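*Asks:* For reference, the chains in residue letters:
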Amino acid sequence: MSESIFYFLQQVTNGLTIGSTYALIAIGYTMVYGIIGMINFAHGEVYMMGTYVAFIALAGLSMLGIDNPLLLIGLALMVSIMVASAYGFTIERVAYRPLRSSKRLIALISAIGMSIFLQNYIRLAQGSRDIAMPSLIQGGFLMGDPNGSHIMISYMQIIIMISTVICMVGLTLFITRSRMGRACRACSQDIGMTNLLGINSNNVIAVTFVIGAALAAVAGMLLGLYYGVVNPYIGFMAGLKAFTAAVLGGIGSIPGAMLGGLILGVTESLTAGYLTAEYKDVVAFSLLVLILLFMPSGILGKPEVEKI
Amino acid sequence: MLTLENVHTHYGPIEALKGVSLNVQQGEIVTLIGANGAGKSTLLMTVCGDPRASAGTITWKGNDITKEETSKIMRTGLAVVPEGRRVFSAMTVEENLSMGGFFNKTTYDQRMAHVLELFPRLEERFKQRAGTMSGGEQQMLAIGRALMSEPELLILDEPSLGLAPLIINQIFDIIHKLRDEGMTIFLVEQNANQALRLADRGYVIENGKIVLEDTGANLLVNEDVRKAYLGG
Numbered sequence: 001m002s003e004s005i006f007y008f009l010q011q012v013t014n015g016l017t018i019g020s021t022y023a024l025i026a027i028g029y030t031m032v033y034g035i036i037g038m039i040n041f042a043h044g045e046v047y048m049m050g051t052y053v054a055f056i057a058l059a060g061l062s063m064l065g066i067d068n069p070l071l072l073i074g075l076a077l078m079v080s081i082m083v084a085s086a087y088g089f090t091i092e093r094v095a096y097r098p099l100r101s102s103k104r105l106i107a108l109i110s111a112i113g114m115s116i117f118l119q120n121y122i123r124l125a126q127g128s129r130d131i132a133m134p135s136l137i138q139g140g141f142l143m144g145d146p147n148g149s150h151i152m153i154s155y156m157q158i159i160i161m162i163s164t165v166i167c168m169v170g171l172t173l174f175i176t177r178s179r180m181g182r183a184c185r186a187c188s189q190d191i192g193m194t195n196l197l198g199i200n201s202n203n204v205i206a207v208t209f210v211i212g213a214a215l216a217a218v219a220g221m222l223l224g225l226y227y228g229v230v231n232p233y234i235g236f237m238a239g240l241k242a243f244t245a246a247v248l249g250g251i252g253s254i255p256g257a258m259l260g261g262l263i264l265g266v267t268e269s270l271t272a273g274y275l276t277a278e279y280k281d282v283v284a285f286s287l288l289v290l291i292l293l294f295m296p297s298g299i300l301g302k303p304e305v306e307k308i
Numbered sequence: 001m002l003t004l005e006n007v008h009t010h011y012g013p014i015e016a017l018k019g020v021s022l023n024v025q026q027g028e029i030v031t032l033i034g035a036n037g038a039g040k041s042t043l044l045m046t047v048c049g050d051p052r053a054s055a056g057t058i059t060w061k062g063n064d065i066t067k068e069e070t071s072k073i074m075r076t077g078l079a080v081v082p083e084g085r086r087v088f089s090a091m092t093v094e095e096n097l098s099m100g101g102f103f104n105k106t107t108y109d110q111r112m113a114h115v116l117e118l119f120p121r122l123e124e125r126f127k128q129r130a131g132t133m134s135g136g137e138q139q140m141l142a143i144g145r146a147l148m149s150e151p152e153l154l155i156l157d158e159p160s161l162g163l164a165p166l167i168i169n170q171i172f173d174i175i176h177k178l179r180d181e182g183m184t185i186f187l188v189e190q191n192a193n194q195a196l197r198l199a200d201r202g203y204v205i206e207n208g209k210i211v212l213e214d215t216g217a218n219l220l221v222n223e224d225v226r227k228a229y230l231g232g
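Heads up: the protein sequence lines correspond to chains Y and W, in order. In case it helps, the UniProt record's numbering puts the first sequence at residues 1 to 308. In case it helps, the UniProt record's numbering puts the second sequence at residues 1 to 232.
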């Protein structure tokens with residue numbers, strides 16, 4: 001095989017890695033939007049806090065003497081998921097539920113306020129500088145000729161992709177098979193009717209926030225380890241990217257968020273590989289503008305009918 | 001069993017119910033008839049707490065439910081088949097029915113069997129998405145879904161709306177059957193003729209006020225009712 005094909009495949013691999021984390025974060029946006037029609041702009045901050053909690057948990061666990069990297073990652077991931085879920089639950093309770101009956105714009109402003117608050121809260125608590133995440137997993141598979149054309153897939157990339165697949169399969173089973181998952185879908189179609197069936201929609205909404213936060217925490221921890229650095233501002237960009245992915249796939253649609261994340265990741269990676277890395281954000285957000293202009297309901301979304 | 005006393009309901013500045021009082025006794029079929037916009041649906045939905053009454057009291061099985069949350073009211077033995085059916089169209093028949101039996105897991109299988117016995121059509125369509133079914137089938141699904149919670153009082157809002165005469169007869173047969181099983185039914189209908197024939201008692205609502213109350217049989221022969229709602 002020629003070198004250019006290897007190069008292309010390497011870019012796609014890198015893109016799928018980043019894309020799967022976008023997909024994980026995008027699900028939080030899309031599920032919340034699907035049910036209450038609101039963009040949770042504080043969601044990127046939950047992702048950022050997930051990374052910090054994972055960092056603190058890693059430090060604490062290694063002080064306790066645990067040195068198996070996979071065990072460390074597994075335990076830190078659990079701590080991160082639990083803490084982020086608690087944040088997701090609290091954010092909904094404090095900033096959104098009291099505004100449930102008011103106009104969408106008001107809830108949106110509350111979300112932006114929440115985002116600013118959380119970012120600065122972490123900045124004060126943890127400092128605004130970059131913190132280096134330990135590189136626990138090193139090395140990877142090398143395919144091809146080590147001295148010539150080859151693809152390198154790091155173990156970390158494999159962990160990211162496997163974790164994402166596990167989360168997606170788990171989420172899909174939850175949404176289609178479990179009672180609560182079905183109630184989530186029912187709420188996203190007709191929230192008033194779900195209440196009329198005696199199902200407390202507030203509980204269902206809380207569950208979607210918790211799930212979204214848990215998935216964002218998984219993405220936060222994995223991306224933190226992959227990039228090896230965390231600061232209080234990473235949530236903003238990651239949030240915007242994941243939001244773009246959600247819109248690209250069709251906001252409100254869970255498979256759409258998965259697909260949108262992967263497409264966005266690969267597009268970015270190809271831009272970085274063939275143009276320059278500086279342009280990858282430009283391309284990502286140009287994509288957002290183009291979708292909003294020409295395909296506002298996204299790839300798998302349904303056109304929204306304004307209810308009167 | 002269910003009592004409304006001087007209930008007012010507002011949609012913003014518009015007063016849709018202007019002091020309605022009525023009651024439904026156990027084992028009865030009570031029907032509410034009236035023209036479009038008279039407040040029939042508003043009255044039913046106010047009982048469910050959606051929208052909430054702005055004044056007056058609603059008592060259900062001896063408890064004041066006027067200020068209660070909708071989802072809480074609906075867990076106390078009330079079930080509603082709302083106007084326009086409102087089935088979850090992207091979900092299967094089975095999933096729709098399971099949503100109706102969401103909060104009561106103990107007798108789930110029995111109730112499912114009972115609903116499928118009443119509506120064999122739903123069993124044929126069990127794994128089909130609700131949105132792909134005909135209007136009549138969707139209406140059966142909406143009724144089946146409401147029955148999944150094993151209600152003591154079933155509230156039906158225009159179950160015959162937009163359906164073919166043959167299907168309407170089937171729906172009314174089912175309502176009859178449910179009453180024979182001991183269920184209390186509160187029914188709103190535009191099809192006043194058929195509703196009054198089925199009902200033990202009826203109320204006539206005009207502009208948000210109850211103007212007449214009598215047995216179904218008496219209302220059927222009432223001159224004013226005949227003129228206004230039964231086509232002379």
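Some clues are possibly wrong.
[Stated by the list, open to error] Computed, partial: chain Y to chain W, Cβ under 10 Å:
(1) GLN126
(2) SER128
(3) ASP130
(4) LEU173
(5) THR176
(6) ARG179
(7) SER188
(8) GLY198
(9) ILE199
(10) SER201
(11) ASN202
(12) ASN203
Note that these hints are calculated values from the structure, not bench results. What you are looking at is a predicted structure, and each value in this text was computed from that prediction instead of being measured. We put the CB at the ideal spot given by N, CA and C, even for glycine.
*Asks:* Determine which of the earlier numbered hints do not hold for this structure and return their numbers in increasing order.
*Replies:* 1, 2, 3, 4
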